[in-house]
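Engineer: Okay, here's what each chain looks like letter by letter:
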Amino acid sequence: MSATENSSSSSNVLSWQAINWAEVISVILSILLAEWALAPFAISPWLLGGPPFLAFLLMLYSHRCRGETAQTLGFGARYLDRALLLLSGPTLLAIAALIFVSYLTHSLHLPDRFWARLSLLPVWALLQQYTMLGFAYRRLRQCLHANQSITITASLFALLHAPSYPLMILTFLGGLIWSFVYERAPNLFASAISHTLLSATVLVAVPEWILPSMTVGYRCLLYQNF
Amino acid sequence: MMTGALVDELVEEPPPETAARLVGAVLLKSFLELLILCLVLGMAGFKYFNPTIRGKITQVGAVSVRGWVANPQAPGDPIQLELVIDGRLTAIMIAQEVQPEHAVGALFRHAEHPFRFSFQRLPAGTHSVQVYAVQTTPGRTLSLVPITNRAESFTLGRGR
Numbered sequence: 001m002s003a004t005e006n007s008s009s010s011s012n013v014l015s016w017q018a019i020n021w022a023e024v025i026s027v028i029l030s031i032l033l034a035e036w037a038l039a040p041f042a043i044s045p046w047l048l049g050g051p052p053f054l055a056f057l058l059m060l061y062s063h064r065c066r067g068e069t070a071q072t073l074g075f076g077a078r079y080l081d082r083a084l085l086l087l088s089g090p091t092l093l094a095i096a097a098l099i100f101v102s103y104l105t106h107s108l109h110l111p112d113r114f115w116a117r118l119s120l121l122p123v124w125a126l127l128q129q130y131t132m133l134g135f136a137y138r139r140l141r142q143c144l145h146a147n148q149s150i151t152i153t154a155s156l157f158a159l160l161h162a163p164s165y166p167l168m169i170l171t172f173l174g175g176l177i178w179s180f181v182y183e184r185a186p187n188l189f190a191s192a193i194s195h196t197l198l199s200a201t202v203l204v205a206v207p208e209w210i211l212p213s214m215t216v217g218y219r220c221l222l223y224q225n226f
Numbered sequence: 001m002m003t004g005a006l007v008d009e010l011v012e013e014p015p016p017e018t019a020a021r022l023v024g025a026v027l028l029k030s031f032l033e034l035l036i037l038c039l040v041l042g043m044a045g046f047k048y049f050n051p052t053i054r055g056k057i058t059q060v061g062a063v064s065v066r067g068w069v070a071n072p073q074a075p076g077d078p079i080q081l082e083l084v085i086d087g088r089l090t091a092i093m094i095a096q097e098v099q100p101e102h103a104v105g106a107l108f109r110h111a112e113h114p115f116r117f118s119f120q121r122l123p124a125g126t127h128s129v130q131v132y133a134v135q136t137t138p139g140r141t142l143s144l145v146p147i148t149n150r151a152e153s154f155t156l157g158r159g160r
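From first to last, the protein sequence lines are chains A and B.
If you count by this note's numbering, then the first sequence holds residues 1 to 226, one letter each, in order.
If you count by this note's numbering, then the second sequence holds residues 1 to 160, one letter each, in order.
Treat the hints as calculated values from the structure; they're not laboratory data.
Since we're looking at a predicted model, the values are computed, not measured.
It cannot be assumed that every hint is accurate.
To give an idea of the interface, some chain B residues facing chain A are shown, with a C-beta separation under 10 Å as derived from the structure [what the hints assert, rightly or not]: (1) P16; (2) M43; (3) V63; (4) S64; (5) R66.
Far from chain A, some chain B residues (derived; all Cβ distances over 12 Å) [said to hold, decoys possible]: (6) E17; (7) L89; (8) L156.
For every residue, glycine included, the Cβ atom is placed at its ideal position computed from N, Cα and C.
Let the sequences and hints guide you as you build the complete structure.
Structural biologist: Printed below as a string of structure tokens:
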């Protein structure tokens, strides 16, 4: 291979790394924009959902350009058994720990609109897992080592739950586990099931003085203060 | 080093020509988000900072201030006014009458409520007067809005 070809190949790799990062940052910024810059004005839910919707379109377009199928992303039965097996231990352990804490602090409770929230949780969890693992993790993984990708994905997932520090801690730990398992068994349904079970347990088990609400971004500040 | 099931799926690298399309998509998305942000900020600015209540201070004197105030979005509603002289709250009143000459206009959402504040004689010197209205229009944040762009300044001579 000539020096020119080497240089061209190296610049291609660099440009792909830059594009992977640009895509991830762009999607994360869209969510932060909605959470922090648009939420305070409460003008219209349609406008508030604009940036996340654009991020969703970008993710779909990116998959199409790269030839990624739903199956390769983790939407399907492939690796479902293996992922469920890998996730069952940490998920059950976390649920048991949360319930034990709630037992000690007498904080087991049914929050407002619990059943309505529970019915939406699986879809919400799948959407979050898709964004975090099916998109962000896969892009980061193309330019970073597995451990680095897992840590950065979990950190970004926690960042999106700022400024609620209890949620940030929980989502960082959850992000580490889900990314770790996705690396070995890429299935989004399994992660979404684990996410749903853990979120439901957090809703009923974590004392309100630790986690007053599940809101994030600017609205979290409002609920904390009033 | 890659391990496990993802090895075959993650190594695949897209052809270089798709790079331009992806960069274009990211830029287009950023541009649309900027438009949404501008739209929201513009709408919020208009909603929260554009005063619906307007008015005029027509006469200022040593013992009284006169003028009118109108809220086109709630023409029939009384308007609470606060008189501030030299930066200090001096009097509060509610303007609720509609001037006879504006009775027809009031029907077309131009209700002008006259107001007259009376107070103890001001000392000689230069004074600034501003009248604030309490914004209570439904859908708006409760706030105080000045009825004119600038405070009225006037000078009182000795013995007047």
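Engineer: Output the numbers, in ascending order, of every earlier hint that fails for this structure.
Structural biologist: Numbers 3, 4, 5 and 6, in rising order.
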